[in-house]
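Engineer: Protein sequences, first through last, are from chains A and B. To convert a position in the first sequence, counted from 1, into our numbering, add 136. To convert a position in the second sequence, counted from 1, into our numbering, add 2.
Worth flagging that the hints you see were computed from the coordinates, not collected in a lab. Just so it is clear, the structure is predicted and the values come from calculations on it, not from any experiment. Worth double-checking, as some hints may not be accurate.
So the derived list for chain A, only partly shown, Cβ under 8 Å to chain B, looks like this [to be verified]:
1) 144
2) 156
3) 164
4) 168
5) 169
6) 170
7) 188
8) 190
9) 196
10) 204
11) 208
12) 212
13) 216
Backbone N, C-alpha and C define an ideal beta-carbon position, used for all residues, glycine too.
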Amino acid sequence: MDSPAANAAFAKQININFPLLSDMNKKMLKEYGILKGYDVQNETYQWAQRANIVIDKNGVIQHIEEGDSAVDPNTAMSVCTDLHKKQTTK
Amino acid sequence: MRHLLAAFLLLSLTNALTFTPAQTQKPEVAKTSLKVGDVAPDFALLSDQWKTVKLSDYRGKKNVFLAIYVLAFTGG
Chain A
137 MDSPAANAAF AKQININFPL LSDMNKKMLK EYGILKGYDV QNETYQWAQR
187 ANIVIDKNGV IQHIEEGDSA VDPNTAMSVC TDLHKKQTTK
Chain B
3 MRHLLAAFLL LSLTNALTFT PAQTQKPEVA KTSLKVGDVA PDFALLSDQW
53 KTVKLSDYRG KKNVFLAIYV LAFTGG
């Protein structure tokens with residue numbers, strides 16, 4: 137839920153080559169069911185659950201990780217690699 | 003008298019500790035209803051270049067790795 141401006145500054149800083157997206161109105165997070173609500177002193181704050189989701193070329197979900205297990209991207213990365221291999225050998 | 007005051011202060015301190023209600027409630031755990039094999043819902047989000055990126059832009063072209071991180075890049 138960082139703003140596009142904050143993301144742009146960060147992308148420049150570490151020189152990344154994929155888009156950093158912002159869900160400022162939390163619409164996508166709600167739709168994906170990964171918006172988490174915290175009640176602190178009678179106020180509700182909402183932010184996203186950490187998640188890694190791999191979606192193939194046909195738009196089908198191939199892998200989902202949530203919470204603490206999503207901190208490490210390696211499993212999702214290997215799913216991507218396997219997917220790519222499968223598609224190129226077909 | 004000083005002793006008494008000290009004891010009273012200590013008591014009020016322990017009282018404060020005992021009777022302070024828990025300020026934070028247990029977080030409501032979000033769990034996605036999406037499953038492997040489901041078609042991922044399309045979305046349109048603003049990129050760091052202020053361009054709209056849709057999931058459907060990649061349909062038939064590329065596999066997509068969505069990494070949802072909260073304030074991961076701002077040091078916050």
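Engineer: Of the hints given before, which are not true for this structure?
Structural biologist: 10, 11
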